[in-house]
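S.K.: Chains A and B, in that order, give the protein sequences. The opening residue of the first sequence carries number 91 in the numbering used here; numbering runs sequentially from there. The opening residue of the second sequence carries number 91 in the numbering used here; numbering runs sequentially from there.
Don't read these hints as lab results, they were simulated from the structure. This structure is a prediction, so every number in the text was calculated from the model and none was measured. Glycine included, every Cβ here is placed at the ideal spot set by N, Cα and C. Fair warning: there could be bad hints in the mix.
[Stated by the list, open to error] Stretch by stretch, here's where chain B covers chain A in the computed footprint (C-beta under 8 Å, at least three residues):
hint: 1; region: 174-182
hint: 2; region: 244-258
hint: 3; region: 304-318
hint: 4; region: 345-355
hint: 5; region: 790-803
[To be verified] Straight-line Cα separation of at most 20 Å, SDA-like style, residue types lysine to any residue; simulated pairs:
hint: 6; chain 1: A; residue 1: Lys827; chain 2: B; residue 2: Glu176
hint: 7; chain 1: A; residue 1: Lys827; chain 2: B; residue 2: Lys257
hint: 8; chain 1: A; residue 1: Lys757; chain 2: B; residue 2: Ser670
hint: 9; chain 1: A; residue 1: Lys379; chain 2: A; residue 2: Leu350
hint: 10; chain 1: B; residue 1: Lys492; chain 2: B; residue 2: Phe782
hint: 11; chain 1: A; residue 1: Lys765; chain 2: B; residue 2: Gln673
hint: 12; chain 1: B; residue 1: Lys757; chain 2: A; residue 2: Arg684
hint: 13; chain 1: A; residue 1: Lys284; chain 2: A; residue 2: Arg383
hint: 14; chain 1: B; residue 1: Lys623; chain 2: A; residue 2: Met666
hint: 15; chain 1: A; residue 1: Lys492; chain 2: A; residue 2: Thr414
hint: 16; chain 1: A; residue 1: Lys810; chain 2: B; residue 2: Asp327
hint: 17; chain 1: A; residue 1: Lys827; chain 2: B; residue 2: Ser670
hint: 18; chain 1: B; residue 1: Lys757; chain 2: A; residue 2: Met666
hint: 19; chain 1: B; residue 1: Lys330; chain 2: B; residue 2: Glu395
hint: 20; chain 1: B; residue 1: Lys757; chain 2: A; residue 2: Ser665
hint: 21; chain 1: A; residue 1: Lys576; chain 2: B; residue 2: Ala502
hint: 22; chain 1: B; residue 1: Lys284; chain 2: B; residue 2: Asp327
hint: 23; chain 1: B; residue 1: Lys346; chain 2: A; residue 2: Glu823
hint: 24; chain 1: A; residue 1: Lys810; chain 2: B; residue 2: Phe338
hint: 25; chain 1: B; residue 1: Lys284; chain 2: B; residue 2: Phe338
hint: 26; chain 1: A; residue 1: Lys584; chain 2: A; residue 2: Glu613
hint: 27; chain 1: B; residue 1: Lys810; chain 2: A; residue 2: Lys810
hint: 28; chain 1: A; residue 1: Lys101; chain 2: A; residue 2: Arg684
hint: 29; chain 1: A; residue 1: Lys827; chain 2: B; residue 2: Glu162
hint: 30; chain 1: B; residue 1: Lys346; chain 2: A; residue 2: Asp822
hint: 31; chain 1: B; residue 1: Lys827; chain 2: A; residue 2: Leu252
hint: 32; chain 1: A; residue 1: Lys827; chain 2: B; residue 2: Val149
hint: 33; chain 1: B; residue 1: Lys257; chain 2: B; residue 2: Lys346
hint: 34; chain 1: B; residue 1: Lys827; chain 2: A; residue 2: Leu177
hint: 35; chain 1: B; residue 1: Lys810; chain 2: A; residue 2: Asp781
hint: 36; chain 1: B; residue 1: Lys827; chain 2: A; residue 2: Lys492
hint: 37; chain 1: B; residue 1: Lys623; chain 2: A; residue 2: Ser631
[Stated by the list, open to error] From the structure, some residues in chain A lie toward chain B, with a derived Cβ separation under 8 Å:
hint: 38; residue: Gly268
hint: 39; residue: Pro381
hint: 40; residue: Gln459
The chain contents come next:
2 protein chains.
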Amino acid sequence: MSDPRHPTPLKTINPDLAAERASLPFSPLAITHFLDGGASNTERRRRLESWIIRDPSGVFSNEDNNYMHRTERHTRALAKFVRLVELCRAAGIGSNNESTNANTPKSAIQHIEGEIIASPEFYTLISAISDDPLPPSLHWVMFVPNILTLCDAEQQAHWLPLCRDWKMIGCYAQTELGHGSNIRALETTATFLKESEGGAPGGEWIIHSPTLTSWKFWPGTLGKTANYAMVIARLIDGEKMDRGIHNFLVPLRSTKDHTLLPGVETGDIGPKIGYNNMDNGYARFDSVKIPRRNMAMRFARVDEEGRYERLWVGRRRLLPSYITMMQVRAYIIHSSNEALAMACTIAIRYSAVRRQGYNTDNDDNNEFQVLDYRQQQYRLLPLLAASYAIYFTGRHVLDRLKYIENQLVAGATTITKTVVGDIHATTSALKSFATTFTADGIEDCRKACGGHGFLVCSGLVELSNTYLQSCTVEGDNHMLPQQVIKVLLKLVEKVQSGDVDALKEYAQTDMGYLIEPLQKLVENASVSGTPTKSSFAFPSSATHDHFLDTSMLLVAFQHRTACLLLDVAMQLQSSMEMSSPQQAWNDCLLSMSRASRAHACYLLLRDFSNGLEHERKKGPSSCLGDNEIAVLSQCLTLLALYWMDQHLSDFLQIQCLDSSHIPLLRKALLGVMTKLRPSAVGLCDARDFSDFRLKSALGRYDGDVYPAIINAARNDPLNKESQNGGVGLGYDESLRKLIVGGV
Amino acid sequence: MSDPRHPTPLKTINPDLAAERASLPFSPLAITHFLDGGASNTERRRRLESWIIRDPSGVFSNEDNNYMHRTERHTRALAKFVRLVELCRAAGIGSNNESTNANTPKSAIQHIEGEIIASPEFYTLISAISDDPLPPSLHWVMFVPNILTLCDAEQQAHWLPLCRDWKMIGCYAQTELGHGSNIRALETTATFLKESEGGAPGGEWIIHSPTLTSWKFWPGTLGKTANYAMVIARLIDGEKMDRGIHNFLVPLRSTKDHTLLPGVETGDIGPKIGYNNMDNGYARFDSVKIPRRNMAMRFARVDEEGRYERLWVGRRRLLPSYITMMQVRAYIIHSSNEALAMACTIAIRYSAVRRQGYNTDNDDNNEFQVLDYRQQQYRLLPLLAASYAIYFTGRHVLDRLKYIENQLVAGATTITKTVVGDIHATTSALKSFATTFTADGIEDCRKACGGHGFLVCSGLVELSNTYLQSCTVEGDNHMLPQQVIKVLLKLVEKVQSGDVDALKEYAQTDMGYLIEPLQKLVENASVSGTPTKSSFAFPSSATHDHFLDTSMLLVAFQHRTACLLLDVAMQLQSSMEMSSPQQAWNDCLLSMSRASRAHACYLLLRDFSNGLEHERKKGPSSCLGDNEIAVLSQCLTLLALYWMDQHLSDFLQIQCLDSSHIPLLRKALLGVMTKLRPSAVGLCDARDFSDFRLKSALGRYDGDVYPAIINAARNDPLNKESQNGGVGLGYDESLRKLIVGGV
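If we strip away everything but chain A, and leave its shape as in the complex, we get (with noise of 0.2 Å):
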């Protein structure tokens, strides 16, 4: 297949890449077809990607992005943007989607169509453009969904419309400076003013900041891009009675001019770690005046006389929000794969190239490829088995929302609260989980490149920097386990009580795995204080090869989160007799983060397990072969040691194993590093990112690594400052005085 991303073949290719590629036994483009849904997606999205590769405009051009003041960056960031809206209307692109959210109601549908942004190509053209976060996605991403799920008919039919042409750019103001996730507590007022109180006709909002915690602080595009925000703010009705929080469209600046409306201040936050294109914001509103009808009011509404009434109530009302949420999680989770995938095809082509260290076995006074080493392949390869692994999990989880969503668009009564709850626990266990594995590895990554992974021009700098969030974002990180857990203790709960028919409809859903090892830990009741033995273990005659049998090592993780779940259970009981019930629960979060992880390893393994289970069912009609299949098998049973070995003292704790199966399952991860050491470079190469995307020095596909550095090294602006003979202004102004002066 041609790849119009690269009109001319390339040159030369680095001859320890040349030799890595020479002899692999799978097929990378076979996996590129699998990830992309098919041979004809691929083609299509390398074409996409070419676009922008090739679009003369010039401003698509990373060159440089690293030397760039981030004012600057900001200003590119939207010059592209507006270019890529250009391009897709040339081409058509959204002129006839398909809504891809089954969620919208169809009466919506038409107030968006023609909409660039819900096409799914305009997604892969934003991706080829390096990743750059575009400010005005977000328009898109958080603020027309919230209209759609929150406004009534009437409302969407008029603000839809304005989204689809720009005339209204809009954000989503939640955070405030004080308050971050604990949305109870935020301070923002929406105060009803009567039109006998001196309101204007029909009543309005007063949208106010009480105090310096109150701002609304971090929101995307709040800053400098959006003329709109969507505020989320307490509703004090028209009896003076706060109805807690709701939604309220904000007009922030003119759609004529852009200039900030009356009582309005709003301002870019800083300079942050990463995502600095982005003009995340801060705002305060003094007493600004909004129309009634200005509340989002499809769960609730406040009639002219500033009477409010909830419309829908309990589960019926929260659920799309809800879903929307775990959809956000998801897609956190998923775009997670591609983060990993990156990072590890930058830091282990390059491992390929650098060779460091001479070879004492032999006298060929060659250096060793640094990834021959083991240290090298203990940090990198199971990252890279990793990013497959999220691959498959993200995919699944994106599925099974859709699923439920439709479901409950159909209005279904399949999707009962327990449904509901563990998808709410496999994205809260995967998020966290995920993203934390993500970060740390992408970091690891670019510490394996050594003193080269310090420099910009690595890509790792701003890939990292720009992930990070990810792991703050929608629900920290550090918080989430314990959503995870109180989703969890009721399927203990029904075990205890041996409730059969809630049992039955656990049994369906991500923790079904847990009712048999839970069921066999309460029958055996195991000794207050001790850790709960898990009923499954290894047999202390077991070998090396009983580690290479991944469904052995699944049961293994399965009684992990069975056993571990348990003993916070049994915590929270014994500590609540001692303390208050928050307090019981504060002692008990360390418990808690690692059952939920052991939850999250469980479910990334076997959808992982699973995935590839569907692809060999497939046979031929799948793009993968027996030889894709194999390699990713290897992927598979190397990532469930690797987490068997970083997790270790949780299956020493649970006796599942014992010390004399230690050196057993370090042996076979060294085995399956070996096995799956040729196969590195291919499984990179399988992910085809194109060098635009990558934007690095180090994991260019030709792997011509150093003109690179030194390339990049002379472009940098202190450099050019001083073309007369290499003298800048740091002389001239102060080292002058030192040397010649004396000071």
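Position chain B against the provided structure of chain A, taking the given hints into account.
M.R.: Just chain B now, with coordinates in the frame of chain A:
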């Protein structure tokens, strides 16, 4: 004691911080005095810091650090340095130095008398400048010591006065683009050219970069600041013999106008993850000619005919640079304590001020202090404890190296190979472990600040980015364990062979603690293929109290190292039966890391324990009273329990602990955290970091966090470019098209 850094008292203190400080069970100031080495030192340090903070030139201000492009930051750093030299000259600093380096030959000292950088007060001032890396300071830290160590007396007499007077500003140019720590592979050549073959009178050197991978790359100040470089190159003598790596003093730039000299190309290497004040540079030498006597000739020389002669041989030749290398590592270890303490100070003060989540146990409608969550305590308190542990160990290692150096200078025979090997293992193990721990810890502190930890104004982003290099320079942390284990394996041999005389000597070294447990293990030779079982174990009847017994915990750590070390020895032996020595070594790398980490942990805990015991014995003459020793002892216990929990699988593997001990361990951990919680803010205050140095909106002494964040946001140039109604370039150039023009 008055604090000249804050001439007027702070107006208000955040009430939460005030409450923390009102109920401290110890005196932070007593600990400050201890850390400074006495009250008068504290006073002197504060006075020096106040010079910087209150300098009327304003050049030291950090207000706009975060908004500057790196070209500006580099220029500003040079201006800071020159201003600093001015201040020191005015104050007479350095005019009456005792050299801080006892290794400096007496004859050399006269050449650097009056050198301000030789004064310890200079370092206090450098630190006061908010830990901004100032390029020219490398001149003294890397370049001048190299002249002192490797040049002969005549060369020193010639060059040192030029160094002192800043006529010569030098850098140390070793690393090449393609070659890092394996210096045998360096490619730059220094080829001798006799006068008779066209060289200058007396012969000369041709310094040349034969390949792209041979370009010097990374040396600090090589790019723009230095006018001389100490270049490490392969010496090719008059007979065309390659004599290996030697040092050559190469002029780079004119001392008149700083222009590059013929044949030399240098430049800055471009943006890095941190340290962007510094012009790390690259250099290409195109047959640059330098005089014969520009080769450093203390240990080897080449005469006018190009004849090469080694002057000192073997150990005696290598020792001085060996000691220097270890001293640099020791400084890196010691300085980690400050970097980690700064991060803890920011995160802990912020966690005391930040409130999140309602207390359901009572109805007072106040949110929790984040520091009251167990997870936050588990993330931050052990780091705080470790910062003190690293302080004690850092001091101990520096003192020991100073002693060894003095003995060597005095010609003592007590400094045997064993002694030098031991301190090499100590510094390598500690450098690898303590810097990885600190780097991860700083990043954990950043993450523990939640969303606001992403803001550069948190101070944690730059602190982390600047620190990170410590993991890679002076021996990559993943490579160093091999060096540790090489040394420790010799001890294992001596124990195995029962060499009593040798063991007597080993008993006096840092690794002496291993002899007894190793002897026991060797007596009861364990079964091959199973992990070594500890000869010390917690009793099966152990209670919670056993885990609060620090001396028992230390014994456990002692035995852990011994077992893991013996495992490496046995694994190496058995691997060698099946594979080549190099392959066997490679397969053991992961076990070596574990054993090296265990060695480092034990040393850190032991030095902390010994340090506190030493102060206790001093009684009233110590700055630390009973209360301070009590709180630091809690830190020691916490750290031991934390590392036991973090590395739990090691202790279970060696059967020093069994499953039933785990709940006891974790309960003890919670208990110590509860005890230490009220002291947390005080232990940060005790470090006495000025707000000027912390540069953090979140870590301010007064806790007035939120106005500081808004202030930092408002100052971003992105906001300043758009005073006019808040509209900026991004709108003019792009957004207008989207909103008004309708792309």
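S.K.: So, for every hint listed, does it hold in this structure?
M.R.: Outcome of the hint check:
With a threshold of 8 Å between beta carbons, the proposed coverage of the region 174-182 of chain A by chain B holds, since 3 of its residues qualify and at least three are required. Chain B is given as covering the region 244-258 of chain A, and this holds because 3 residues of the stretch bring a CB closer than 8 Å to a CB of that chain, at least three being needed. A count of 7 residues in the region 304-318 of chain A with a Cβ less than 8 Å from any Cβ of chain B is obtained; the coverage claim is therefore met, three being the minimum. Given a C-beta distance limit of less than 8 Å, the hint that chain B covers the region 345-355 of chain A holds, as 6 residues qualify and 3 suffice.
Counting residues of the region 790-803 of chain A whose CB lies closer than 8 Å to any CB of chain B gives 6, which reaches the minimum of 3, so the coverage claim holds. For the given pair, Lys827(A) sits about 10 Å from Glu176(B) by alpha-carbon distance, which is consistent with the 20 Å threshold. A threshold of 20 Å between alpha carbons decides the hint, and for Lys827(A) with Lys257(B) the separation of about 10 Å falls inside it, so the pair holds. At roughly 17 Å between alpha-carbon atoms, Lys757(A) and Ser670(B) fall within 20 Å of each other, so this suggested pair holds.
At roughly 14 Å between alpha-carbon atoms, Lys379(A) and Leu350(A) fall within 20 Å of each other, so this suggested pair holds. Simply put, Lys492(B) and Phe782(B) have alpha-carbon atoms about 32 Å apart, too far for the 20 Å limit, and the pair is violated. For the hint linking Lys765(A) to Gln673(B), the alpha-carbon distance of about 15 Å falls within 20 Å, and the restraint holds. Distance restraint check for Lys757(B) and Arg684(A): the Cα-Cα separation of roughly 16 Å lies within the 20 Å cut-off, and the hinted pair is therefore satisfied.
Among the hinted pairs, Lys284(A) with Arg383(A) is consistent with the structure: their alpha-carbon atoms are about 13 Å apart, no more than 20 Å. Distance check on the hinted pair: Lys623(B) and Met666(A) sit about 38 Å apart at the alpha-carbon level, beyond 20 Å; violated. Between Lys492(A) and Thr414(A) the alpha-carbon distance is near 11 Å, which keeps this suggested pair within the 20 Å criterion. At most 20 Å may separate the alpha-carbon atoms for a hinted pair to count; Lys810(A) and Asp327(B) exceed this at roughly 38 Å.
Annotation: proposed proximity of Lys827(A) to Ser670(B) is violated, straight-line Cα distance about 60 Å (limit 20 Å). Taking the CA atoms of Lys757(B) and Met666(A), the gap is near 15 Å; set against the 20 Å cutoff, the hint holds. The straight-line distance between the Cα atoms of Lys330(B) and Glu395(B) is roughly 12 Å, inside the 20 Å bound, and the hint therefore holds. Of the pairs offered as hints, the one joining Lys757(B) and Ser665(A) holds, with about 11 Å between alpha carbons and a cut-off of 20 Å not exceeded.
Restraint check for Lys576(A) and Ala502(B): the C-alpha separation of about 67 Å exceeds 20 Å, so the hint is violated. At roughly 10 Å between alpha-carbon atoms, Lys284(B) and Asp327(B) fall within 20 Å of each other, so this suggested pair holds. For the hint pairing Lys346(B) with Glu823(A), the CA-to-CA distance comes to about 15 Å; that is within 20 Å, so the pair holds. Distance check on the hinted pair: Lys810(A) and Phe338(B) sit about 29 Å apart at the alpha-carbon level, beyond 20 Å; violated.
Distance check on the hinted pair: Lys284(B) and Phe338(B) sit about 17 Å apart at the alpha-carbon level, within 20 Å; holds. At most 20 Å may separate the alpha-carbon atoms for a hinted pair to count; Lys584(A) and Glu613(A) meet this at roughly 13 Å. Taken as a hint, the Lys810(B) and Lys810(A) pair is broken in the structure, with Cα atoms around 26 Å apart against an allowance of 20 Å. The suggested pairing of Lys101(A) with Arg684(A) is violated, with an alpha-carbon distance near 51 Å, which exceeds 20 Å.
For the suggested pair Lys827(A) and Glu162(B), the alpha carbons sit about 18 Å apart, so the restraint of at most 20 Å is met. Restraint check: the Cα-Cα separation between Lys346(B) and Asp822(A) comes to about 12 Å, which is no more than 20 Å; the hinted pair holds. Only pairs whose Cα atoms come within 20 Å are accepted, and Lys827(B) paired with Leu252(A) is accepted, the gap being roughly 15 Å. For the given pair, Lys827(A) sits about 15 Å from Val149(B) by alpha-carbon distance, which is consistent with the 20 Å threshold.
Our distance criterion of 20 Å between C-alpha atoms is met by Lys257(B) and Lys346(B), whose separation comes to about 9 Å. For the given pair, Lys827(B) sits about 14 Å from Leu177(A) by alpha-carbon distance, which is consistent with the 20 Å threshold. The hinted pair formed by Lys810(B) and Asp781(A) fails the criterion: a straight-line CA distance of about 36 Å is larger than 20 Å. Pair hint Lys827(B) plus Lys492(A) does not hold up; C-alpha atoms about 36 Å apart against a cutoff of 20 Å.
Restraint check for Lys623(B) and Ser631(A): satisfied, since their Cα atoms lie roughly 19 Å apart, inside the 20 Å limit. Proximity of Gly268(A) to chain B holds as hinted, the smallest CB-CB distance being about 6 Å (cut-off 8 Å). With a least beta-carbon distance of about 21 Å to chain B, the hint placing Pro381(A) at the interface is violated under the 8 Å criterion. Given hint, Gln459(A) at the interface with chain B, is violated; its Cβ is 12 Å from that chain's nearest Cβ, farther than 8 Å.
The structure is inconsistent with the numbered hints 10, 14, 16, 17, 21, 24, 27, 28, 35, 36, 39 and 40, although it conforms to all the rest.
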